[in-house]
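Residue numbers (the working numbering), protein chains in the order written: chain Z, 4 to 287; chain S, 1111 to 1883; chain P, 1421 to 1573.
Don't read these hints as lab results, they were simulated from the structure.
Mixed in with the good hints there might be a few duds.
Derived list of chain P stretches under chain S, where covered just means 3 residues or more per stretch with a C-beta under 8 Å from a C-beta of chain S [what the hints assert, rightly or not]: (1) 1477–1483; (2) 1487–1496; (3) 1504–1512.
As a list, the in silico DSS-like pairs of lysine-lysine whose alpha-carbon atoms are at most 27 Å apart [stated by the list, open to error]: (4) Z/Lys38 x S/Lys1796; (5) S/Lys1491 x S/Lys1876; (6) S/Lys1541 x S/Lys1223; (7) S/Lys1539 x S/Lys1491; (8) S/Lys1223 x Z/Lys38; (9) Z/Lys206 x Z/Lys172; (10) Z/Lys188 x S/Lys1548; (11) Z/Lys188 x S/Lys1874; (12) Z/Lys6 x S/Lys1796.
Yeah, the Cβ is synthetic: ideal placement off N, Cα and C, and Gly gets one too.
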Amino acid sequence: MRKVFLPHTPEELWEVLRAEPQAAVYAGGTDLLVKLRQCLVDPSCLVCLERIEELKGVQEFGHEVFIGACSTHAYLLANPIIRSNFPVLTRALELLGSPPIRNMGTIGGNICTASPAADSLPPLYVLEAEVEIRSKNTSRRMALKEFIQGPGKTSLQPGEIVSGIWVKKTPGYNLHHFEKVGQRKALAISIASLAGLLRASEKGVIEEARFAWGSVGPTIITSPEVEKALVGNRLSRPILEKAACLARSAVDPIDDIRASGEYRRLVSGNLMVRLLTLQREVCH
Amino acid sequence: MMTVKSDIFRIGRPVPRVDALSKVTGQEKYAADYYSPNFVWAGVKRAGVPHARLKSIAVEAARKLPGVLSVLTHKDVPGSNRQGIIFKDQPVLVDTKIRHCGDAIALVLAEDKPTLNKALHLINFDYEPLPAIFDPVKALEERAPLVHEDNPDGNLLQHISVKVGDVKEAFLECTTIIEGSFEVPFQEHAYLETEAGWAYLAEDGRLVIVASTQTPFRDRFEIASALGLNIDKIRVIAPYLGGAFGGKDGLTVQSLLGLAALNSQGRPVKMWWDREESFLAGVKRLPARMYYRLGAKADGTLHALDCRLYFDTGPYAHLSSEIMALAMEHAGGPYRIPHTSIKGWCAYTNNPPGGPFRGFGVPQVTAAMEQMIDMLAAKLKMDPLEIRRQNVVRQGDRNCVGVTLVNSTGALDCLETLAAHPFWQERKKWKESAGPFKRRGVGLACMAHGSGYGPVIPDEANAKIELTDEGKMRIFCGVSDMGQGNASTCLQIAGDILGQDADSMELILPDTDRSLPSGSASASRCTYTYGNALIRAAQAFKQRLFERASTLLMIPTSDDLSPIPGGIRHLPSGKEISLSQLAQLMDPPERTCTHYYRAPVAQEKLELYSSSKVFGLPHILFSYAAHLTYLEVDELTGEIEIKTYLSVSDCGRVINPQIYEQQIQGGIAQGLGYALSEDFIVKEGKGLTSNLSTYIIPTTLDVPEMVSIPVEIDEPTGPFGLKGIGEISINGPLPAVANALADACGIRVSRSPFTPERVLGAMKEKALHEVKP
Amino acid sequence: MKISFTLNGKANQIDVPSDRRVIDILREDLNLTGTKEGCSGGECGACTILVDGESRLACLMLAAQLEGRSVTTIEGIASEDRLHPLQEAFVEHGAVQCGFCIPGMVLSAVDLLQRNPNPTRMEIRQGLSGNLCRCTGYQKIVDAVKAAALKMK
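For reference, chain Z alone in the conformation it holds in the complex (with noise of 0.2 Å):
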């Protein structure tokens, strides 16, 4: 048996954190409870986030806006500021896990798990969000790709929680791309997926891309390489196919239960030959 802590304001977390260092701290329990119950962790006791209004919510600070961490996807998913600025996040989202499992899954729980197939990430991590780490009298900010450090690895310290996530608006970028690949349609846990942020001129002619890759290595893959084969030109069968190329040498997959790492390099290039459909939104 172990004890719940539910506390409701942030000092009422640190006094817990404090006298329990042991403890696993969760929101909506998705990933820890199932991790629990097939013993792969063992704490001395339990703290869930869900009470505390401060860690959720969405907050525009005029080019910024701040993400509660313990906002869960079903809030985020119907929460106008989200779906207006960040449709890649939003698309992600919609395929995460399960309806229930978006009335309960926070946003803050899908990063500090720090799955390489969790369905938040390549979106953020394109986004190029921080994370906002507080502890009883600290704050800092990070970028969220120094935040995850491998798989189900993060720089959390004990006595530290994820509080939000800053992420900045990207006026600029007119092509949002999200697309995953799992077995099956709902439910699934990713085999690959490519989140991607674009601007194109009124030629069509690609000025800026940001892509990350999930499920395909160790942590989200972004890939400087890929990014620069498209910018200066059109979204074109042989150019997409040069980046599917430069992607697949990018990625680092492994096999596993639900794919072949062969697989998942093959898919992770040839999504970005799909971004050939983006091309009839920029031609005018």
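We have chain Z; now place chains S and P onto it with these hints.
Relative to chain Z, chains S and P alone:
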């Protein structure tokens, strides 16, 4: 005779199922829903290794744990400690040898689940690992490790060889010959309610078991011999099951529960396998490797078929020989083939246990044969519908094992109905409008499904109806309702004949103390066999009630009597008597009516050789269907999306259109899972896909809108003209999808399911071959 | 731990270990076996309940989290004298076969119709995509939810 029938229970009407209400309110109690103030949890320590000699079991640490009532091993099993349906080859608790990872080593009784789990962790056992065998073909080789050392045939459970005509000669007469090999995997039932039950010793010392079981009557025999009990001392009750599909045909929790109840100091015992245990210990669809050679004349007439089928039964015989037999009978599909040689081998391995799963061998061979037909059509440049139309069986033809099809045979009608459907007519237009990176194809499958048990095991039922003192018609359903709605159909049949409605009827679910032996809920025979018994019982009962009523109403004959809800009325005079009045004036023995029915069996002798006695073929009654699917495949990822699915089925007359559609739709969904995503991965005897997070069954977004059309050809031997419907539709999706994939992009994937990875791999290989000069 | 919450409209107080799963509290402590368990890991939706009106999985929720919440189980959505329109529709349209997935399915449908009172068939499928059914192939479930939505307008 004029009858005033109740509006509700009429044959042919889509009467809502009577069990729907209690299920939709959460009131219905499944076997998993039993609790009581002082109950005890029972759980099993499982082997976790595929093949080993058991040396000793260390239970002391577990026994000492506070909250543990007892820890039992084979030493505590009073009877033979062997269970099984045909062969009693499975231990309740392992005594000498572990044969698969899910074998039961010890049984723990504990106060609560955490204690139970802790105790299970504390049990250790000493074993000597043995070389194991995981390939059913290699298992038949000379030096293969033996799963059952006392089996004179080594690892062979059964070999059957059937032939018709002279296939060697016949191939020489063929202008076109096609060869193909196909591999199909395990399939997990994944019923929402896992194996569950509840047991206690009644005051009179009898063992009462409530279990999620398709076979309450037969279970008693297995439990009795395994635990050394007198069969009269065992009562088995089968509430509505939360799904079964064959996985609860035979013992799952029952003997373990019985053993627990004998050792629980009078307290009721609950066992409920969690999902991982269900995956580990439950039976699965037998995987198969199938090698086909099909020959035809220039005009597309099928002429010769040679096939070799290898099935993997895992550690125990279960019903695998019967599964293989049924598969063999369907290996040639619903076609006229004058010369055939069909050989099957069923081998023991240390893989997970094989057992019944909806379709019972027919999905496996239909997957192969229906692809062969399409491959042949392609080679002959014939339309795939045309070649089927030309060769499909009609009543009076013989099937591929030489049995004459004496009963209704609507295969051609199914094909013709499909051919006339807009989906078939408009397929070219649909295919041509694929979007970017998508390719579209359509695929057909035509299939048969034989119902019943074959000629040896009697397919029989005993219906029972009682007029209660309150004047209610109490129908004793003899066959478990696992969701297929047969209990409800019983009421509909009896209600139609007895002229009663829901208010004046009661339903008793199978209970070995109250209902009469009526066979298993399997083999698409539930409504056919029990329904035939029930019709006879209801008709006889009605006759008897009318005769008594005419006496009591003082009218000379029962000719102008008519049933009305809750009573019987003499129409000319208006005199009536309520059923409750009638009941009061009848002696109790008169108020119960029973009737026996045994389904007819095939009389013909086949040219058959087998290594041991064959129970499972031939059959005499077949349902038929033709399926069409619209498929779209993504060239970049290999993902397949099924856009539309059409099924046309000949299952005789339709008693309840709603239940009919329920069965067809459900079978198609399971078939699509089998085709596309349900990859049960086993490595060295261990199931790597160990629960629903890695074993992928279809969600709402993975099953398309389905159209189901019945071709209602009356089957005179069937209750109200009906034939079996439970299984036929699961046979079609895999081959229909395979054929549609071939149509879309010219590839065939020999090993299913057709996951995106396999599909993309096949597309890539094809592209490579096309590039090479 | 003493926990106070509202269950099917009535105030409730229980005293259980704070890490006891809500599904065990409902089924074993409170005798409400309508909420089913199918996978214990959030993969099947059989244990779906409503918490403050939103669908959640009772197998992944712990006792402590009940404090102050309003919980609705399948036993609580019918009124005194009438079934919920969704329940009626499920019965009428043949959406119930073995029935084990149904309580969770119905509650997910309640959540769906609250968010989207006039869903298309595809939106219904998306809304129920976290509830596995092995018997029906889902079609009649979609029919039922569509019909109920029309009735509830």
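Structure-based check of all given hints:
1. 1477–1483: violated (count 0)
2. 1487–1496: holds (count 3)
3. 1504–1512: holds (count 4)
4. Z/Lys38 x S/Lys1796: Holds: lysine 38 of chain Z and lysine 1796 of chain S sit about 21 Å apart, inside 27 Å.
5. S/Lys1491 x S/Lys1876: Within the cut-off at roughly 20 Å; holds.
6. S/Lys1541 x S/Lys1223: 55 Å, violated
7. S/Lys1539 x S/Lys1491: 20 Å, holds
8. S/Lys1223 x Z/Lys38: 18 Å, holds
9. Z/Lys206 x Z/Lys172: 24 Å, holds
10. Z/Lys188 x S/Lys1548: Holds: lysine 188 of chain Z and lysine 1548 of chain S sit about 17 Å apart, inside 27 Å.
11. Z/Lys188 x S/Lys1874: 23 Å, holds
12. Z/Lys6 x S/Lys1796: 35 Å, violated
Consistency note: the structure conflicts with the earlier hints numbered 1, 6 and 12.
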